[in-house]
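Protein chains: 2
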Amino acid sequence: MRVMGVDPGLTRCGLSLVEGGSGRTVTALDVDVIRTPADLDLARRLLIISEAAEYWLDTHQPSVVAVERVFSQHNVRTAMGTAQAGGVIALAAARRGITVAFHTPSEVKAAVTGNGSADKAQVTAMVTRILRMQQAPTPADAADALALAICHCWRAPMMARMAQAEALAAEQKRRYEAKLKEQRKAGAKR
Amino acid sequence: MRVMGVDPGLTRCGLSLVEGGSGRTVTALDVDVIRTPADLDLARRLLIISEAAEYWLDTHQPSVVAVERVFSQHNVRTAMGTAQAGGVIALAAARRGITVAFHTPSEVKAAVTGNGSADKAQVTAMVTRILRMQQAPTPADAADALALAICHCWRAPMMARMAQAEALAAEQKRRYEAKLKEQRKAGAKR
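Read top to bottom, the protein sequences are chains A and B.
Residue numbering for the first sequence is 0 to 189, as defined by numbering that gives the first Met the number 0.
Residue numbering for the second sequence is 0 to 189, as defined by numbering that gives the first Met the number 0.
These are computed hints drawn from the structure, not numbers from a lab.
Any given hint could turn out to be false.
Looking from chain B toward chain A, a few residues come up when the C-beta cut is under 10 Å (computed) [as the list claims (entries may be wrong)]:
(1) 40
(2) 41
(3) 46
(4) 48
(5) 64
(6) 76
(7) 78
(8) 79
(9) 80
(10) 89
(11) 94
(12) 98
Stretch-level coverage of chain A by chain B, calculated; a stretch enters the list once three of its residues show a Cβ under 8 Å from a Cβ in chain B [as the list claims (entries may be wrong)]:
(13) 36-43
(14) 86-98
Ideal Cβ positions, reconstructed from N, Cα and C, are used throughout, including at glycine.
Taking the hints into account, I'd like the entire structure generated from these sequences.
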């Protein structure tokens, strides 16, 4: 599974490409940080991010795009820009029929470090170790984008099993209700 | 000036087209509300909104797109979706080289009703009157999209004059500083 990880942001947007193998083997294939100048207007900044993401999607052809789910941060203005950057990348993926998955920051931290409230330094250290990189990825946005892709590689099989279990439960419920209805009908006839 | 007004939203996104004439004359040319099902995933919802906006942009060729600037609302999740919907429309406009302007809800209310904290009913009533419509536009998102376009038609000349004044002031400052530097140089030589 080839996963493109996205740490969305207007000023700095981290993009990564990770190949998930069997078990917990993951390999980093590429990582980059897209920057847009703060004095440019919002629409043009989104255009720069969108074009960079489209180039990545077309070049690397990931099977899935994993984006950080944004919650309200300390700074509302920043959170909006982050949500919009993530939105235009999700749009570019949807245009190409590529699945988009969202993971919260604590899901990513928990997957990579085992601790949902780990700090940036811990995440970077674990990402460096997991991917067997010779140097820690910088800036933090690059490490976060890699962490997101790793998180997806490891969570995806579990998420798929859960979806399967839910579908099975729904099917069983549907059958049980149909049977119940039939029995009631039969009871009413008697 | 042909203005496309956008009241962004994931569930309902209002789009309008208003022609601004001389003085305060404004004419409604079109209005619609794009809906996306809440059970669809975010990326696909953004794709539906983006495609509808692109169709509007290509069909109506507005000279400017006016989008509501989103602030944190009561519901953070809703605010994020709203910001993302506005973001993908701003992106579609930027792709076509069309200027995107943002106005806050209170700027829109103040422009249309004269009161920055007017309620939805007042905004709808004034929009109906200003555009000489026989029926009030529904739902509220349609009225809001029209109000946004009207707001832009009326604020744009003032915003242009302010930008001109600022540019003039910056140019005068630059000249004054250059003169000052020259005088200091001359003083040092003496």
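Verification of the hints:
1. Because the closest C-beta pair between residue 40(B) and chain A is about 7 Å apart, less than 10 Å, the hint holds.
2. At about 6 Å, the closest approach between the beta carbon of residue 41(B) and any beta carbon in chain A falls short of 10 Å, and the interface hint on this residue holds.
3. Evaluation of the residue 46(B) hint against chain A yields a held restraint, the C-beta minimum of about 4 Å falling below 10 Å.
4. The criterion of a C-beta within 10 Å of any C-beta in chain A is met by residue 48(B), whose closest approach is roughly 9 Å, and the hint holds.
5. For residue 64(B), the interface hint holds, the least distance from its beta-carbon to any beta-carbon of chain A being 8 Å, beneath 10 Å.
6. With a least beta-carbon distance of about 9 Å to chain A, the hint placing residue 76(B) at the interface is held under the 10 Å criterion.
7. At a threshold of 10 Å, the smallest CB-CB gap from residue 78(B) to chain A is about 7 Å, leaving the interface hint in force.
8. With a cut of 10 Å, the hint placing residue 79(B) at the interface with chain A holds, because the nearest CB-to-CB distance is about 4 Å.
9. Restraint check, residue 80(B) versus chain A: the minimum CB separation of about 8 Å is within 10 Å; hint holds.
10. The restraint placing residue 89(B) at the interface with chain A holds, with a minimum CB-CB distance near 4 Å, inside the 10 Å limit.
11. The interface hint given for residue 94(B) is met, as the beta carbon of that residue sits about 6 Å from the closest beta carbon of chain A, less than 10 Å.
12. Below 10 Å, beta-carbon pairs count as interface contacts, and residue 98(B) has one with chain A at about 8 Å; its hint therefore holds.
13. Residue count for the stretch 36-43 of chain A with a Cβ under 8 Å from a Cβ of chain B: 4. That meets the three needed, and the coverage hint holds.
14. Counting residues of the stretch 86-98 of chain A whose beta-carbon sits less than 8 Å from any beta-carbon of chain B gives 7, enough to reach three: the coverage restraint holds.
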